[in-house]
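Chemist: Read off the chains here:
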Amino acid sequence: MSERVAVRKTYKLFIGGKFPRSESGRSYLVQDSNVSLASRKDARDAVVAARAAVQGWAGATAYNRGQILYRVAEMLEGRREQFVALGVPGDEVDAATDRWVWYAGWSDKLPQVYGGANPVAGPYFNLSAPEPTGVVAVVAPEAPALLGLVSVIAPAIVTGNTVVVAASPAAPLAAVTLAEVLATSDLPGGVVNILTGRLAETVPTLAAHMDVNAIDLTGVTDPELAADLEGRAAENLKRVLRPAAHDWSADPGLGRMTWLLETKTVWHPKGL
Amino acid sequence: MFEYAPAPESRSVVDIKPSYGLFVDGTFVDPADGGSFKSINPASEEVLSEIAEGGAQDVDRAVRAARKAYDKVWGPMPGRDRAKYLYRIARIVQERSRELAVLETLDNGKPIKESRDVDLPLVAAHFFYYAGWADKLGHAGFGPAPKPLGVAAQVIPWNFPLLMLAWKIAPALAAGNTVVLKPAETTPLTALLFAEICQQADLPAGVVNIVTGAGDTGRALVEHPGVDKVAFTGSTEVGRAIARAVAGSRKKLTLELGGKAANIVFDDAPVDQAVEGIVNGIFFNQGHVCCAGSRLLVQESVAETVLESLKRRMAQLRVGDPLDKNTDVGAINSAAQLARIKELSDAGAAEGAQRWSPPCELPERGFWFAPTIFTGVTQAHRIAREEIFGPVLSVLTFRTPAEAVEKANNTPYGLSAGIWTEKGSRILWTADRLRAGVVWANTFNKFDPTSPFGGYKESGYGREGGRHGLEAYLNV
Amino acid sequence: MTATATSARSDLSELGRSETALRAFLHGLPGVDQVGAEQRAAQLGTRSIKTTAKAQAIDLAIRMVDLTTLEGADTPGKVRALAAKALRPDPADPSCPHVGAVCVYPSMVPYAAEVLRGSAGSGRPSDGPGPTNGAAPAGPGGVHLASVATAFPSGQAPLEVKLADTRAAVEAGADEIDMVINRGAFLAGRYGEVYDEIVAIKEACGGADAGRQGRPRAHLKVILETGELATYDNVRRVSWLAMLAGGDFIKTSTGKVPVAATLPVTLVMLEAVRDFRTATGRQVGVKPAGGIRTTKDAIKYLVMVNETVGPDWLDPDWFRFGASSLLNDLLMQRTKLKTGVYAGPDYFTLD
Numbered sequence: 001m002s003e004r005v006a007v008r009k010t011y012k013l014f015i016g017g018k019f020p021r022s023e024s025g026r027s028y029l030v031q032d033s034n035v036s037l038a039s040r041k042d043a044r045d046a047v048v049a050a051r052a053a054v055q056g057w058a059g060a061t062a063y064n065r066g067q068i069l070y071r072v073a074e075m076l077e078g079r080r081e082q083f084v085a086l087g088v089p090g091d092e093v094d095a096a097t098d099r100w101v102w103y104a105g106w107s108d109k110l111p112q113v114y115g116g117a118n119p120v121a122g123p124y125f126n127l128s129a130p131e132p133t134g135v136v137a138v139v140a141p142e143a144p145a146l147l148g149l150v151s152v153i154a155p156a157i158v159t160g161n162t163v164v165v166a167a168s169p170a171a172p173l174a175a176v177t178l179a180e181v182l183a184t185s186d187l188p189g190g191v192v193n194i195l196t197g198r199l200a201e202t203v204p205t206l207a208a209h210m211d212v213n214a215i216d217l218t219g220v221t222d223p224e225l226a227a228d229l230e231g232r233a234a235e236n237l238k239r240v241l242r243p244a245a246h247d248w249s250a251d252p253g254l255g256r257m258t259w260l261l262e263t264k265t266v267w268h269p270k271g272l
Numbered sequence: 001m002f003e004y005a006p007a008p009e010s011r012s013v014v015d016i017k018p019s020y021g022l023f024v025d026g027t028f029v030d031p032a033d034g035g036s037f038k039s040i041n042p043a044s045e046e047v048l049s050e051i052a053e054g055g056a057q058d059v060d061r062a063v064r065a066a067r068k069a070y071d072k073v074w075g076p077m078p079g080r081d082r083a084k085y086l087y088r089i090a091r092i093v094q095e096r097s098r099e100l101a102v103l104e105t106l107d108n109g110k111p112i113k114e115s116r117d118v119d120l121p122l123v124a125a126h127f128f129y130y131a132g133w134a135d136k137l138g139h140a141g142f143g144p145a146p147k148p149l150g151v152a153a154q155v156i157p158w159n160f161p162l163l164m165l166a167w168k169i170a171p172a173l174a175a176g177n178t179v180v181l182k183p184a185e186t187t188p189l190t191a192l193l194f195a196e197i198c199q200q201a202d203l204p205a206g207v208v209n210i211v212t213g214a215g216d217t218g219r220a221l222v223e224h225p226g227v228d229k230v231a232f233t234g235s236t237e238v239g240r241a242i243a244r245a246v247a248g249s250r251k252k253l254t255l256e257l258g259g260k261a262a263n264i265v266f267d268d269a270p271v272d273q274a275v276e277g278i279v280n281g282i283f284f285n286q287g288h289v290c291c292a293g294s295r296l297l298v299q300e301s302v303a304e305t306v307l308e309s310l311k312r313r314m315a316q317l318r319v320g321d322p323l324d325k326n327t328d329v330g331a332i333n334s335a336a337q338l339a340r341i342k343e344l345s346d347a348g349a350a351e352g353a354q355r356w357s358p359p360c361e362l363p364e365r366g367f368w369f370a371p372t373i374f375t376g377v378t379q380a381h382r383i384a385r386e387e388i389f390g391p392v393l394s395v396l397t398f399r400t401p402a403e404a405v406e407k408a409n410n411t412p413y414g415l416s417a418g419i420w421t422e423k424g425s426r427i428l429w430t431a432d433r434l435r436a437g438v439v440w441a442n443t444f445n446k447f448d449p450t451s452p453f454g455g456y457k458e459s460g461y462g463r464e465g466g467r468h469g470l471e472a473y474l475n476v
Numbered sequence: 001m002t003a004t005a006t007s008a009r010s011d012l013s014e015l016g017r018s019e020t021a022l023r024a025f026l027h028g029l030p031g032v033d034q035v036g037a038e039q040r041a042a043q044l045g046t047r048s049i050k051t052t053a054k055a056q057a058i059d060l061a062i063r064m065v066d067l068t069t070l071e072g073a074d075t076p077g078k079v080r081a082l083a084a085k086a087l088r089p090d091p092a093d094p095s096c097p098h099v100g101a102v103c104v105y106p107s108m109v110p111y112a113a114e115v116l117r118g119s120a121g122s123g124r125p126s127d128g129p130g131p132t133n134g135a136a137p138a139g140p141g142g143v144h145l146a147s148v149a150t151a152f153p154s155g156q157a158p159l160e161v162k163l164a165d166t167r168a169a170v171e172a173g174a175d176e177i178d179m180v181i182n183r184g185a186f187l188a189g190r191y192g193e194v195y196d197e198i199v200a201i202k203e204a205c206g207g208a209d210a211g212r213q214g215r216p217r218a219h220l221k222v223i224l225e226t227g228e229l230a231t232y233d234n235v236r237r238v239s240w241l242a243m244l245a246g247g248d249f250i251k252t253s254t255g256k257v258p259v260a261a262t263l264p265v266t267l268v269m270l271e272a273v274r275d276f277r278t279a280t281g282r283q284v285g286v287k288p289a290g291g292i293r294t295t296k297d298a299i300k301y302l303v304m305v306n307e308t309v310g311p312d313w314l315d316p317d318w319f320r321f322g323a324s325s326l327l328n329d330l331l332m333q334r335t336k337l338k339t340g341v342y343a344g345p346d347y348f349t350l351d
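Chains as they are written, first to last, in full-length UniProt numbering: chain P, 1 to 272; chain F, 1 to 476; chain G, 1 to 351.
Keep in mind that the hints were calculated from the coordinates and are not lab data.
Fair warning: this is a prediction, and the values are worked out from it, not measured in the lab.
Backbone N, C-alpha and C fix where the C-beta goes; we use that ideal spot for every residue, glycine too.
Errors might be hidden in some of the hints.
Unchecked claim - Which stretches of chain G does chain F cover? Using the computed rule of at least three CB atoms under 8 angstroms from a CB of chain F, they are:
{"id": "1", "segment": "29 to 42"}
{"id": "2", "segment": "49 to 58"}
{"id": "3", "segment": "307 to 317"}
The shape of chain P in the complex, shown without the other chains (with noise of 0.2 angstroms):
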């Protein structure tokens, strides 16, 4: 009896909450499998998406966010041995899911560890609240793959903002099966947007991008890449995330949250 033929999983890009090839036709191999070769026409494709998404997104309630979140680590868990499958180690599943969890948590928390009532020295009501800054790109880190790609989307989108993420061309089977858990999430079409193939094709668009309103530099390890990135970011003055390293197995802190809000401070008077 012959061994059955295994049907073979195409990896493309995620966009709007879709899966579609790159409109440049292009893919390249990785562990023998191909994978979108993103264009710089993608990687605009995918911050329209972006945008459109960040109205109902950043507008959700705190709460509905936070599940929709922790739907995400429910699907993540569920998908454990197809991450291993692709390599990544199985508590490196564990600790990514996990991180994921802790981030949907703060979805309803932050607001009220981060912002406040000011008390001016007059007759007002004066509340600081965050916001989320907007469409953010993401230059995702190579390792861990897994727990690095969950470390830098989750602190992004779980206060409201939507991303362009560039995966690690080296890592990208990680990143797409994230897209399928993400896809199958309830999470809006939109909110995450993957984008695979070389960085320096897609990155510096999304640098430049005048639509983008931070980014998040965390992936990249040229140094020199890495200051012509900021450069094209200050056009439009992005919010930039410079490189550093990391132990992405430490407590991350809320600084990858909170460099992507804005503080909103409304003042109003009391009065009869």
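Let chain P serve as the given structure and place chains F and G on it in line with the hints.
Modeler: Quick look at chains F and G alone, frame taken from chain P:
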């Protein structure tokens, strides 16, 4: 007619020296290359003093002094002692506030009633507020023992010279940093008097350094490799250049840049207070305010009434001698700024908007611009898109709340916004949707040291004021 | 406001006929933000009025004083002395103007009239329609005679009693009646009742009623007693109510409750008379009363009048101060300006 007689504040309370050096390492020094420039009174074009122009060498000297003070004195000093120095400064500012107010008005052109009743009280309050943080940083929510960054390079604008200095220096020092500050070239005098206050407070040498000069001095400071932190308040254009300049470096950057705030008046607004808010929003400080409500968005159904009231109120504005206690609108800060205001206003007229100013006599000497409104403005006009930074209001109308929000947000800026309506739920609905760092509902242009201030989008990043303001000066 | 700005005068005159229309109108007026109104008032209070402007303001303020005594202990002698002072506030200086009016209880009107007009009742502006708004023409001495009526200060008496009170005061020679509104009815939302009462008192003043031609005619100041109205929204509404009902002046206070005239309350009332004139063409006067004791206070009010409603109201016919001790402070400051020396209270009469 009830004519008010002149009521000038005496300028004899302040002693302006004929020339000033740079304040480096606790003393006033001459610049290495001996260059200087003049600071003038924009209300009379009278030269007030000759100011040293700091070059790259001077900047280097100041940064080294700041580094030494950081390493040896200010960094190791317990927070409670840093606090006491800041409290001292706050107190001296209060004691010398009249002198500082007069000097600010002379150098900047703003009305004495504003420097006296707004700028100076806020300056003292800012130092007083951050003084209290210096020994409580572990409770600020940035971890148990947050560390300062080191040497902060601070470049500030001319619109609120001493207040912007306070916004920069107070949190930096409270957090344990030392600073090199460059005041704007048209308004260096209160910063130099502040240097004397630092001496009077026995602040250790090198903790605060003031390097005067123009754009080149600022560039040298921002680009100096010995700097750990750059804080800038000014135009978006310069902010962009600074963001490029620090790209790839370790320098932490906060920017407080331009704005084109919408002041939205709904049909159920408290009209008389809304009109006051519109006037305060755009004519406060001659409109030299980054968060000025320079776009009035008024609901079409009440536009006529609101504009009538606004014009009637504008006719009451007293433009003239900034030292006169009854002056509401003072001098434009510089010839260059006046030229920019004129250029944009002329563009507004050329693009077909209707221009109106109340009859008002402007002094012959000095830089003056009458309070002006443009009606019939659309989002496509330059005067609705570009920051004028002067007493010029663009009036647009809207039909529905959604349209108001859409127009308000239709700008690359996002610093501030105003909402006028008696309906609470509408305020909250609108405030939620405005992409702006400060939203004033049924009020405008209110500031407080406890209240974070700063922009979305191209209005910059980071917040000044409040607990949030510490973050810019801590390694978090 | 839009409604009033575009309505014809006749539209507004109909409002009083229907409680519903009156309520809809008053509640349709734009709101007043307390903090903003108080800040505006405080800002105007920082104006620095010096030298010539101050001298001008002091003389104007003296002419605007309703020199008032409203005590249970008032006697004919006290009132005569007050009236004499009203005519010649500074006997040592003939250039000092007389005050706007004397304000007394109805029973004291004849004694004031004696002094102001030579004898009770004579010199009354009894014939001709006179000006339609603001203050009536004064007696030969130029000083008006005002009397509080309508069961001052509480207003808690039957309407018939209030009307009788009013008629008696007018008969005795008052050419200005300061009535109190029924605050209880206003706060209970019975706007029509408040309106009707003002209309009735206006008629008792010998107002626009053609059937009473030849009767003495007094102008009506309506006391809102703003200290009992709780909010500036109410102050604005009741201001309009009083104007719609025909009041010639709106007045802040009786002086008999803890909170009397304040700058912000006066600001709201000035805005109301300004908007009312825009809407109807009719100008109504404003009288802050109670608690204004110093020249500095008075000048703040004049600045507010100047910058809120303009020179049209900077006249004793359109703006008055209800005060007693204010006059002496104005006189002291006036002397100081003239002589350069600070005066003392011993040099001014106590009446």
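Chemist: Please go over all the hints and tell whether each is borne out by the structure.
Modeler: Results of checking the hints against the structure:
{"no.": "1", "hint": "29 to 42", "verdict": "holds (count 9)"}
{"no.": "2", "hint": "49 to 58", "verdict": "holds (count 8)"}
{"no.": "3", "hint": "307 to 317", "verdict": "holds (count 3)"}
In summary, the structure agrees with every hint in the numbered list given earlier.
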